[in-house]
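Visitor: One line per chain: the protein sequences are A and B, in this order.
Residue numbers 1 to 162, in the numbering used here, belong to the letters of the first sequence in order.
Residue numbers 163 to 859, in the numbering used here, belong to the letters of the second sequence in order.
Think of the hints as simulated: they come from the structure by calculation, not from any bench.
Some hints could be false.
To be verified - Under the rule of at most 20 angstroms between Cα atoms (straight-line distance), these lysine to any residue pairs were calculated in the SDA-like manner:
1) Lys-421/B x Leu-31/A
2) Lys-325/B x Asp-209/B
3) Lys-393/B x Pro-18/A
4) Lys-118/A x Glu-160/A
5) Lys-421/B x Lys-118/A
6) Lys-758/B x Pro-271/B
7) Lys-393/B x Met-1/A
8) Lys-421/B x Asn-140/A
9) Lys-421/B x Asp-122/A
10) Lys-810/B x Asn-32/A
11) Lys-810/B x Asp-127/A
12) Lys-348/B x Asn-140/A
13) Lys-421/B x Ala-558/B
14) Lys-395/B x Met-1/A
15) Lys-387/B x Pro-407/B
16) Lys-810/B x Asp-124/A
17) Lys-421/B x Leu-62/A
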Amino acid sequence: MPTYDLSINGKRRKVTAPAEMPVLWVLRDLLNMTGTKFGCGAGQCRACTVHVDGEATFSCQLPISSVAGKSLTTIEGLSNGSTLHVVQRAWIDEDVPQCGYCQPGQIMSACALLAKNKSPSDTDIDDAMRGNICRCGTYNFIRRAIHRAAESMVASAKKETP
Amino acid sequence: MLAVNRRTFLKAGSGFVLACSLGLERALEAAPAPAPDFNLFLRIGSDDSITLLSPSSEMGQGVLTSLSMIVAEELEVELSRVRTEIAPADPRYGFQITGGSQTIPSRYPSLRTASAAAREMLAGAAAAEWKVPAEQCRAEGGKILGPGGKSATYGKLAARAVKVKPPAAPRLKDEKAFTLIGQPTKRVDTLAKVKGEATFGMDVKVPGMLTAVVARSPSFGGKVKSFDAAKAKAVPGVRQVVQIPTGVAVVADHFWAAKTGREALEVSWDEPNAELSSAAIQAQLEQLLPKGAVAHKMGDADKALQSAAKKLEATYEVPFLAHAAMEPLNATAHVRKDRCEIWAPTQSQGPVQEAAAKICGLPRESVSVRTTFLGGGFGRKAHTDYVDEAVHCSKATGKPIKVVYTREDDFAAGQYRPLALNRLTGALDAQGWPVAWTHQIASPSILAGTSFFGGLQGPIDPTSIEGAANLPYAIPNMRVTYAKADLPVSVWFWRSVGSSINAYVTECFFDELARLGGKDPVEARLKLLANHRRHRRVLEAAAEKIGWGKPAPSGAARGIAVHESFGSIVAEAAEVAIEKGEVRVLRVACAVDCGKVVNPSTIAAQMESAVIYGLSAALHGEISIDKGRPVQQTFYDYPVIRIDQAPKIETVLVPSGDAHGGIGEPGTPPAAPAVVNALLALTGKPIRKLPIRLPTT
Chain A
1 MPTYDLSING
11 KRRKVTAPAE
21 MPVLWVLRDL
31 LNMTGTKFGC
41 GAGQCRACTV
51 HVDGEATFSC
61 QLPISSVAGK
71 SLTTIEGLSN
81 GSTLHVVQRA
91 WIDEDVPQCG
101 YCQPGQIMSA
111 CALLAKNKSP
121 SDTDIDDAMR
131 GNICRCGTYN
141 FIRRAIHRAA
151 ESMVASAKKE
161 TP
Chain B
163 MLAVNRRTFL
173 KAGSGFVLAC
183 SLGLERALEA
193 APAPAPDFNL
203 FLRIGSDDSI
213 TLLSPSSEMG
223 QGVLTSLSMI
233 VAEELEVELS
243 RVRTEIAPAD
253 PRYGFQITGG
263 SQTIPSRYPS
273 LRTASAAARE
283 MLAGAAAAEW
293 KVPAEQCRAE
303 GGKILGPGGK
313 SATYGKLAAR
323 AVKVKPPAAP
333 RLKDEKAFTL
343 IGQPTKRVDT
353 LAKVKGEATF
363 GMDVKVPGML
373 TAVVARSPSF
383 GGKVKSFDAA
393 KAKAVPGVRQ
403 VVQIPTGVAV
413 VADHFWAAKT
423 GREALEVSWD
433 EPNAELSSAA
443 IQAQLEQLLP
453 KGAVAHKMGD
463 ADKALQSAAK
473 KLEATYEVPF
483 LAHAAMEPLN
493 ATAHVRKDRC
503 EIWAPTQSQG
513 PVQEAAAKIC
523 GLPRESVSVR
533 TTFLGGGFGR
543 KAHTDYVDEA
553 VHCSKATGKP
563 IKVVYTREDD
573 FAAGQYRPLA
583 LNRLTGALDA
593 QGWPVAWTHQ
603 IASPSILAGT
613 SFFGGLQGPI
623 DPTSIEGAAN
633 LPYAIPNMRV
643 TYAKADLPVS
653 VWFWRSVGSS
663 INAYVTECFF
673 DELARLGGKD
683 PVEARLKLLA
693 NHRRHRRVLE
703 AAAEKIGWGK
713 PAPSGAARGI
723 AVHESFGSIV
733 AEAAEVAIEK
743 GEVRVLRVAC
753 AVDCGKVVNP
763 STIAAQMESA
773 VIYGLSAALH
783 GEISIDKGRP
793 VQQTFYDYPV
803 IRIDQAPKIE
813 TVLVPSGDAH
823 GGIGEPGTPP
833 AAPAVVNALL
843 ALTGKPIRKL
853 PIRLPTT
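Just chain A, with the same shape it has in the complex:
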């Protein structure tokens, strides 16, 4: 079985796995990183969203062999110790999660959106987030949280540039 040299949340990890094993299950079952969730295994619900070189990517159909040498970020790598990512902060301020199962994927998709688009419109949010299903129906809360995160990113950018 091949061994892969991975970069996950800025750390190097070595893992031995079948080449076709999806990144989702490598994370969950081999590396004990269970923040990334299994929802459908078919790229339909995006609960398994991670970042591959900064791009939001669903990991349930992503063979481990395809990410060697690339940089992976998961929900566990989003906050810096006790300092939360601005999107996580907005999720708390807007009281978004209900059951919470899809939220790591939602947050990873929202972060990727905001990294590219500092001030997304509702349509931009629809386009970036329609892949992520939430059966608790927190969509309006998610929309508000993304707008809030965008506003606080703008506010902190202003603070930094006098």
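Chain A is already provided as a structure; the job is to place chain B on it using the hints.
Guide: Only chain B this time, still in chain A's reference frame:
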């Protein structure tokens, strides 16, 4: 013992703490000394920790927050001081399931009493220590204060206080003095959930644990005829292949190996129902429909129909529905000779414990049930079937086993919301007011397949007629009948149960009749609800919020529906358009009367959630049957509402102050009829079958 994720699952005292409150970080540092149990619901540690043992599971509906608010209120502490654990399975909690939107209605009084009792016991301990009368001691800010500036923290008093005789009737806090109950309050479990640290059933890891993926009969009611495990066992990581009552389990080091092993497994099945189709089921319902037992009768509907000025007959149909929670079914069990341990995302600690005891041949108390967070439940996780499988797998292998369902397994596993065929007739008098209403229902029975609530007693399943037999409208002649269909497709409780069917059927037929009689849907309802003050209030509130009577935006129309379920009454008004041949729900105004309010934020969140859930069913949801199996397999062919289809939702609380009603389910039933009634207003055509398919003309 759980090997991973100390941050969310901590060993403490006798149980595993689901540290999900704002006390999370503090809870991480060190497992506190075993804290004394004051009663079934509360533990206060010498380290000042206050732990609520929640008798209910947290599946998104917000009970950990609401219950913590009740504890904090009565104990006079900040909400952030209350940590939460899901209580272990224990018959002393009564029928221990989380369902029927009953946590607050059933637990509010007992939890207040338990918390007030703990407060008085703490005061009693302080009084004894200070040798002062107990009346001179009071609780404030997590301390007992006494005369002369005396003060002691709960932690200091806890060991002594648990020995104080619990008061038979502790004095409850005056509701007027509430500072927390009734105030919008943020959830206590959000931090863990946004960090990916909340432990769901799927995340459980036990030392030595293996993962099983089970091959089950492709059609309902099938059994294993024979199987060949050779190819499955050749898959790297596969350890064992064992037969269990529901199929053949491939047991492996991890999910991927187990799933790959199952794909290689060869099983031949004995399938007695392989010919079953939706068409055959439909024919069976048609044949049963006129033969139902009378569930409700008033006046003489037949006579009134004969002499009516106008009449209308309509057939309404709804399909089977899957729950499709985001977390697919899964459970972990470890069966040993003398005990069985279970870790599961379950709504049913009591039934799970009973079922496992039976499977293992152990007394009930030898089965421990630890409940994780649930990645959605919606009723499905009140069934024990998936937990039973984990117990069987562990029993067969002697190892701790996590059974994981794929999404396709989850859809195929049945326990659907029942389908139903309905035929209604209505009669109007010369002024256009309804004088007769008959409603025939043919549907499978949920209670026939369970011992819950004593199982099915008599010919009528009360869950099948809820919302139909108790139609609130003042119509002098009514008859409702129910015919039970026996089908191999299993059915189960689904968010709002029979009301999810009957609100649609009755509220849409009502609009058809109102239209025939030339009445405005709101006016007609208000008149026929003269004796239902609470219904009228929510109806008026929803109508006002949506702007009823004012022109709708160009190309859009409005519809309304009201329904009582689980002790709460909800009216929803929808503004709907048709864009590019598809139904577009623009806005939903929702008014809810749940009696008394614990957390307004939870109520608003649950209303939104329930509306979206109802819209998913109305616009998309359908499980159809072919070759004895479900046609739909995953979110490709069982679409649900996504963010771009989610309407703006505005919720108004109009609490009557009556007894607490439920809040997790009652928002679902009015969603479909509000939308369908808007489409009737928009197109002039009724939609008598769900999911909504627009007429092609």
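Visitor: When the hints from earlier in the document are held up against this structure, which numbers fail?
Guide: 5, 8, 9 and 10
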